[in-house]
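Participant: Here are the chains, one letter per residue:
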Amino acid sequence: MSNVSYIQRPNRVLLIYALIYLAYLYIPVLFLPLFSFNDSLYVAFPLKGFTTRWYVEMLDNEPMQAALLNSLKVGVVASIVATLLGIFGAKAVSRYRIFAQKAVVSTIMLPLVIPGIILGVALLILLSRLGIGLSLVTVTLGHILICVPFSMATLMARFEGLEASFEEAAADLGDNAWWVFWRVTFPVVFPGILASLLLCFTISFDEFIMAFFLAGSDPTLPIFIYSQLRFPQKLPGVLALGACILMVSFVVVFVSQWLQGRGGLAAIDKDHRP
Amino acid sequence: MSGNDSYIVIENVSKHFGPVIAVDQIDISIRAGEFFSLLGASGCGKTTLLRMLAGFEVPTSGEIYIDQMPVTAVPPHKRPTNMVFQNYAIFPHLNVRRNIAYGLRAAKLSKAERDHKVDEALELVKLPGLGARSATELSGGQRQRVALARALIKRPKVLLLDEPLGALDKKLREEMQLELRALQQSLGITFIFVTHDQEEAMTLSDRIAVMSQGRVLQMASPKEIYDHPNSVEVADFIGQMNFMDAIVTDRTGSSLVLDVAVLGQVTVANGAASLQPGAQAVVAIRPERLSLSSTKTARNGNCIEGAIQSVAYLGDRSHFYVSVNGREQPLAVVAQDTDLAGAPSLGSKSKVWVSWQDDALLLLPKD
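Listed in order, the protein sequences are those of chains A and B.
One point on numbering: in this note's numbering, the residue at position 15 of the first sequence is 15, and numbering is uninterrupted.
One point on numbering: in this note's numbering, the residue at position 314 of the second sequence is 314, and numbering is uninterrupted.
There's no promise every hint is true.
Listed below are several chain B residues computed to face chain A (Cβ distance under 8 Å; list not exhaustive) [claimed, not checked]:
#1 54
#2 76
#3 89
#4 92
#5 103
#6 226
Bear in mind the hints are in silico, worked out from the structure with no lab data behind them.
The beta-carbon is built from N, C-alpha and C at its ideal position, and this holds for glycine as well.
All chains should be modelled from the sequences, with the hints used to inform the complete structure.
Facilitator: Okay, here's the thing in structure tokens:
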């Protein structure tokens, strides 16, 4: 007799399916680090030999570093602003009775389904009409616009899980609205806030279309990479950069999963640790 | 001391949610140190009333006083009340100690004082040593105790409890009932307890307010409510009851003669003045005030014949349902097993005689 339950019994077909699934997801991505260490200008098999010179070159590539810095700036500001707006919005729609609540939520979510190219063109026309010059600021504004719905969706789920009685209990135990927020609301929804920050940053960091329309003379990283593809000799450098970004992404995802797994944030109360 | 008699005063309080009237012009006075229950089916307004005492809802009209201070406009965090929530609302991001110490923030205690208070509270609810446990690792009973400790640590003037035992299994619930009662008596804090479980309310309370549709039907001690319910609705809600329609046929002084369905002619002392001959009323009798016997035992002639329809054996007592002529529903009869020692053969379909004492009959107004 087998000692595994019905649901746990091994299934070879499913196993093969799972392996193909994972291969499909990750093999294309793994080409990046592979060729970034390849000692050849051409991205082709057979591999020529091991080198780190693309990474060294990357460190000397000032325009690339400038573009990376631009993307970081835009990503950080856009994710923070979008998440703040998301917190207020999610708290409002999950806590208070609002006039035409469903219509309000749908309106906030609408940018999710508007193609980026339409939004980009529309913003470009609006900004030029208003006489506002294109810069990283305009890119950031565009990114906030597309990030807010994602932030709202992430945070609404978390606020729904925050029972009203938690906040009532905190008020009942002597905390005013401000303390209730800092000691209960914020720590309980913190994983959602973190998830929103990471998601918005990621969206902003690899967003191309809006940035393409709205960036002035300061390109963000995706725009810069695109411009580099015209020069074959730059490609290995781009691969090295891509491999670095991939590494950072994995670490970020790992950390965020770990934080989510901890469920909540107790740090706020450390001053009051009994 | 009159201030003591009206420690908490709910004065003509109403609460409307749009067109819905949740609480309708309620007047209640609660004594200091009293264990007071708000009892009623769901939707009767008991929880809304409790939430108004806590400050989570503001009355549409009326005023609430706690210890002679009007509190209607006072927000929850400034009220001398603390609450045990129905779902306990244990903060999921804090461990047991920090949950219990939550209310001590403003007290600005030293670490040692705080530790001492939390230890005391843990001791009080019989959870010593569980302080480091995370909120998510607690059983239902433990969550209930943590919620209690957290609410009691500030020694509120009034502890509000919103069906705190509802989620526990029967055995644990009965255990907690005894503990709650003991705790309330040793602390001397006024408890206001919301429940839909009439047995629980009877076990715990000094006084009960039976509520229905936003109003108080009757407010009295458990014994008074059980023995002298003031309406069919209260009598039906508290325990089991057999109801029979009746018509007043004669009146001499305060004593009434009634023609009661099934039971026949009945005399009741102290009938309400409003009941004149011809008036309709309801006569009620508790199942345990009816007796069964296999032979006709003349008890002032208060005896009718019936047939047992079903029996539920509960160990210490049995519930009989006896069908009698002229009545659709069977009569419910509860008998202690010791009472039935002489008639062990009472089973389904047996013929029986049901008898009662005059003073067991309750005269209630017809709705």
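Participant: Now look at each hint and say whether the structure bears it out.
Facilitator: How the hints compare with the structure:
1. 54: 6 Å, holds
2. 76: With a closest approach of 4 Å, the residue 76 of chain B hint holds.
3. 89: At about 4 Å, which falls below the 8 Å cut-off, the nearest Cβ of chain A leaves the hint on residue 89 of chain B intact, so it holds.
4. 92: Hint holds; residue 92 of chain B Cβ to chain A Cβ min 6 Å, cut 8 Å.
5. 103: 4 Å, holds
6. 226: 33 Å, violated
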